[in-house]
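Undergrad: Sequence lines, in order, name chains U and S.
Taking the numbering used here, the leading residue of the first sequence gets 9, the next gets one more, and so forth.
Taking the numbering used here, the leading residue of the second sequence gets 6, the next gets one more, and so forth.
No wet-lab data here; the hints were simulated from the structure.
Treat the hints with caution; some may be incorrect.
[Claimed, not checked] Below, in silico cross-link-like pairs of lysine-lysine (DSSO-like), each with a Cα-Cα straight-line distance of 27 Å or less:
#1 U:K212 with U:K322
#2 U:K315 with S:K71
#3 S:K70 with U:K215
#4 S:K68 with U:K207
#5 U:K289 with U:K324
#6 U:K212 with S:K68
#7 U:K322 with S:K73
#8 S:K40 with U:K215
#9 U:K212 with S:K40
#10 U:K215 with S:K73
#11 U:K322 with U:K207
#12 U:K212 with S:K67
#13 U:K346 with U:K211
#14 U:K211 with S:K70
#15 S:K40 with U:K143
#16 U:K215 with S:K68
#17 U:K116 with S:K73
#18 U:K211 with U:K143
#19 S:K71 with U:K199
#20 U:K211 with S:K68
#21 U:K346 with U:K194
#22 U:K346 with U:K212
#23 U:K315 with U:K194
#24 U:K289 with U:K199
[Stated by the list, open to error] Far from chain U, by Cβ distances over 10 Å, these chain S residues were calculated:
#25 K71
#26 D72
#27 K73
[What the hints assert, rightly or not] To be clear about the criterion: a stretch of chain S counts as covered by chain U if any three or more of its residues have a C-beta under 8 Å from a C-beta of chain U, and this derived list gives those stretches:
#28 25–31
#29 34–45
#30 54–64
Glycine is no exception: its CB is placed at the ideal position from the N, C-alpha and C atoms.
Single-letter residue listing:
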Amino acid sequence: MDILTDIFGNLANIDPKQIVMWIIGGLLIFLAIKKEMEPTLLLPMGFGAILVNLPIPDPAVTGEVSGVRAVIDFLFEIGIDSHELFPLILFIGIGAMIDFEPVLTNPKLMIFGAAAQFGIFFTLCLSSVFGFELKDAASIAIIGAADGPTSIFVANMLNSNYTAAIMVAAYSYMALVPIVQPPIIKLCTTKKERLIRMKNTGKKVSKLTKILFPIVVTIIVGLVAPDATALIGFLMFGNLIRECGVLNSLSETAQNVLANLITIFLGFTIASKMVAEDFLKLETLLIMGLGLVAFIVDTFGGIMIAKIMNLFTKNKINPMIGAAGISAFPMSARVVHKMGLAEDNQNFLLMHSVGVNVSGQVASVIAGGLILTLVGNALA
Amino acid sequence: METTIIETTAAVTEAAGGIGFTPENLLETAPIMGKGMLGIFIVMGIIILCVSGLNALGTRQKKEKKDK
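With the hints as extra help, turn the sequences into a complete structure.
TA: Have a look at this one:
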């Protein structure tokens, strides 16, 4: 009998809330494997959620420095909490993946990237109306950046109480872009607008421009939005490695090995904040809802600016490309391209939508920096 | 006894652990929204100008190479 007590005694420590978290973890793993929704992040997060919700003594209570919770807490401390190391290093990989040529050949596409950040600021207002503290409202709003590392960076810099819920919402909706965006795009555009064909400029960008772009953008953002310097600096450093032409091996490493390695730890580390007593709250559901609003309003903002520009320009713009300004690279560009082809199988919007998409990536980082500056000033 | 909307929402807020309907917070966040959107358009505008300048520089360099 004593043997049974020794072996199964821990079963008595299971909290029903922990079982709910196992189910949530299982759901994330299911979505990652079966639906292939952001599997690189949702799978480690799902498994981590199960792991941290096993009835293991909390190191914060016991003072133990070993064991699974202590290790994951340590990863969080060094990778996210202290200097936002993981999201920033991941940005080097993302920067190395991005080809800015489509937006460099047609720089006015950047306007859509700016407009599609409207959801962030709208959600900031909405979250505050729902009673969230300003720092939490701003952290929730940044889900609309549709960019995981930026969301983690801003939420952590603002010391939000809801980092885990924000991360889950940000990555879930990024994965759900092909489901969330099409109905909004259809609702905001007419059939005639969706049929607008856009000519490819056919322009080529010089190597010098491609090399100077990341340096110039870093300087501009560093001067105007200093709080975004770390994010934009690491992103543009990755891009410079790609474009310089003499560091191909480093570029490939940044795009693949480095990005994959950090992604494994990032998902697992975020899960350390998915402890039942902190995660299973009414606020988590509300954050998921507000995140969805951010994505919807972002899409709306991008489309509307295209419609406004069409009032003044001779060469009409297909408003659907505005939706790609949401960031969520490259899913959003693909969604717009596919929708264009569905309306007219000779309407190739990919180059334009990718241009808007990468400008959305830059704009979302700037938006993150502006949120930090403006909210920081308001809180001071 | 008559209760106002604000009193009711405050009660809901308390019951929901701090979350509730507080429209007066808009006074604080609406200016942030205005400044944020303006700021993002200004920064992106500056980047557009710089990229146009870089493109012009690149085109001129190509022409000079061709002429040589």
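Undergrad: Now tell me if each hint is right for this structure.
TA: Hint check results:
1. Distance check on the hinted pair: K212 (chain U) and K322 (chain U) sit about 23 Å apart at the alpha-carbon level, within 27 Å; holds.
2. Of the supplied pair hints, the one linking K315 (chain U) and K71 (chain S) is violated, its CA atoms being roughly 40 Å apart against a limit of 27 Å.
3. Using a Cα cut-off of 27 Å, the hinted pair K70 (chain S) and K215 (chain U) holds, with the two alpha carbons roughly 14 Å apart.
4. A hinted pair counts as satisfied when its Cα atoms are at most 27 Å apart, and K68 (chain S) with K207 (chain U) qualifies at roughly 25 Å.
5. For a cut-off of 27 Å, the pair hint linking K289 (chain U) to K324 (chain U) is broken: about 47 Å separates their Cα positions.
6. Taking the CA atoms of K212 (chain U) and K68 (chain S), the gap is about 13 Å. The hint holds against a cut of 27 Å.
7. Pair hint K322 (chain U) plus K73 (chain S) does not hold up; C-alpha atoms about 37 Å apart against a cutoff of 27 Å.
8. For the hint linking K40 (chain S) to K215 (chain U), the alpha-carbon distance of about 35 Å lies beyond 27 Å, and the restraint is violated.
9. Proposed proximity of K212 (chain U) and K40 (chain S) is contradicted: the alpha carbons are some 36 Å apart, above 27 Å.
10. Using a Cα cut-off of 27 Å, the hinted pair K215 (chain U) and K73 (chain S) holds, with the two alpha carbons roughly 19 Å apart.
11. At roughly 13 Å between alpha-carbon atoms, K322 (chain U) and K207 (chain U) fall within 27 Å of each other, so this suggested pair holds.
12. Of the supplied pair hints, the one linking K212 (chain U) and K67 (chain S) holds, its CA atoms being roughly 11 Å apart against a limit of 27 Å.
13. Between the alpha carbons of K346 (chain U) and K211 (chain U) the distance comes to roughly 24 Å, so the proposed pair stays at or under 27 Å and holds.
14. Straight-line distance between C-alpha atoms of K211 (chain U) and K70 (chain S) comes to about 17 Å, which keeps the hinted pair within the 27 Å bound.
15. At most 27 Å may separate the alpha-carbon atoms for a hinted pair to count; K40 (chain S) and K143 (chain U) meet this at roughly 17 Å.
16. Among the hinted pairs, K215 (chain U) with K68 (chain S) is consistent with the structure: their alpha-carbon atoms are about 14 Å apart, no more than 27 Å.
17. Among the hinted pairs, K116 (chain U) with K73 (chain S) is inconsistent with the structure: their alpha-carbon atoms are about 32 Å apart, more than 27 Å.
18. Only pairs whose Cα atoms come within 27 Å are accepted, and K211 (chain U) paired with K143 (chain U) is rejected, the gap being roughly 44 Å.
19. Using a Cα cut-off of 27 Å, the hinted pair K71 (chain S) and K199 (chain U) is violated, with the two alpha carbons roughly 46 Å apart.
20. With a C-alpha separation of about 14 Å, the suggested pairing of K211 (chain U) with K68 (chain S) holds against the 27 Å cut-off.
21. For a cut-off of 27 Å, the pair hint linking K346 (chain U) to K194 (chain U) stands: about 13 Å separates their Cα positions.
22. At roughly 25 Å between alpha-carbon atoms, K346 (chain U) and K212 (chain U) fall within 27 Å of each other, so this suggested pair holds.
23. Note on K315 (chain U) and K194 (chain U): the hinted pairing holds, with a Cα-Cα distance of about 14 Å set against a maximum of 27 Å.
24. Among the hinted pairs, K289 (chain U) with K199 (chain U) is inconsistent with the structure: their alpha-carbon atoms are about 42 Å apart, more than 27 Å.
25. Look at K71 (chain S): its CB is around 13 Å from the nearest CB on chain U, clear of 10 Å, so calling it non-interface holds up.
26. Under the 10 Å C-beta cut-off, the non-interface status given to D72 (chain S) relative to chain U holds; the minimum distance is some 16 Å.
27. Consistency note on K73 (chain S): stated as away from chain U, and its beta-carbon is indeed over 10 Å from all of that chain's, at 16 Å minimum.
28. Only when three residues or more bring their CB closer than 8 Å to a CB of chain U does the claim for the region 25–31 of chain S stand; here the count is 6, and the claim holds.
29. Three residues within the 8 Å Cβ limit are the bar, and the region 34–45 of chain S against chain U gives 9, so the coverage statement holds.
30. Counting residues of the region 54–64 of chain S whose CB lies closer than 8 Å to any CB of chain U gives 8, which reaches the minimum of 3, so the coverage claim holds.
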